[in-house]
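**Q** In order, the protein sequences belong to chains P and F. Counting from 11, one number per residue, gives the positions in the first sequence under the working numbering. Counting from 3, one number per residue, gives the positions in the second sequence under the working numbering.
Worth double-checking, as some hints may not be accurate.
[As the list claims (entries may be wrong)] Computed cross-link-like contacts, DSS-like style, restricted to lysine-lysine with a CA-CA straight-line distance of at most 25 angstroms:
#1 P:K67 to F:K4
#2 F:K4 to F:K69
#3 P:K19 to F:K4
[Stated by the list, open to error] Covered by chain F, according to a simulated footprint, are these stretches of chain P (three or more residues, beta-carbon under 8 angstroms):
#4 17-25
#5 31-38
#6 111-118
The set of hints was computed from the structure by calculation and includes no laboratory data. As the structure is a computational prediction, the values presented were derived from the model and not from experiment. Glycine included, each C-beta is placed from N, C-alpha and C at the ideal position.
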Amino acid sequence: NAGVTQTPKFQVLKTGQSMTLQCAQDMNHNSMYWYRQDPGMGLRLIYYSASEGTTDKGEVPNGYNVSRLNKREFSLRLESAAPSQTSVYFCASVEVLYTEAFFGQGTRLTVV
Amino acid sequence: QKEVEQNSGPLSVPEGAIASLNCTYSDRGSQSFFWYRQYSGKSPELIMSIYSNGDKEDGRFTAQLNKASQYVSLLIRDSQPSDSATYLCAVNMISASERNSGNTPLVFGKGTRLSVIA
């Protein structure tokens, strides 16, 4: 039972390049989240998906798009990467309303 | 603006002492509250969840919730050097419309860095 799996673990992009961060969970959870974590800023919510077929903006959605491909997978896309998007990205899933989130191992992204 | 506030620290305590971590939140309608521990370079891991006013104990950890004061805390008894980490408070900040729609953003504080000195 892998839990929440993120790919890739590390990535370096040049300014203006695009990429998609992948997240998959095998726990049959309903909700999935994308966060970014910067030094001293805690975890900031980018986008979330309460259930398959729905997505909503979080606190810092600008520059990102998401797709809830099915119940298992929730991807985050950077269309034109900027240095300000250098961060550690975490995907998380939640089984049902009010319960705890389980996190993937994170993706360390550097935009140069 | 939905907010979860924590003192960023660092909070330094001697080994064997009690560490007290505090968190306040802005949404009075919040229903669930969590404490996560995050070691440097790792992902957050759940320490405690609490849903009702009062205390909840699990080993050396006690979570305390006061919904009237919009305050949640974490006590770590007999602190060990291995407890040195950043502790994140998380709250399900749910408005009435979000509750009806099933949308439930989990909002995190910035975290408190704890250092236990041997």
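**Q** If a hint holds in the structure, say so; if it does not, say that too.
**A** Tested hints:
1. P:K67 to F:K4: Given that 25 angstroms is the threshold and the Cα spacing comes to 13 angstroms, the pair holds.
2. F:K4 to F:K69: holds, 16 angstroms
3. P:K19 to F:K4: Violated - the C-alpha atoms of F:K4 and P:K19 are around 30 angstroms apart, more than 25 angstroms.
4. 17-25: violated (count 0)
5. 31-38: With 0 residues in contact (Cβ-Cβ under 8 angstroms with chain F), the coverage given for the stretch 31-38 of chain P is violated.
6. 111-118: With 6 residues closer than 8 angstroms to chain F, the stretch 111-118 of chain P meets the three-residue bar; holds.
When each numbered hint is compared with the structure, violations occur for hints 3, 4, 5.
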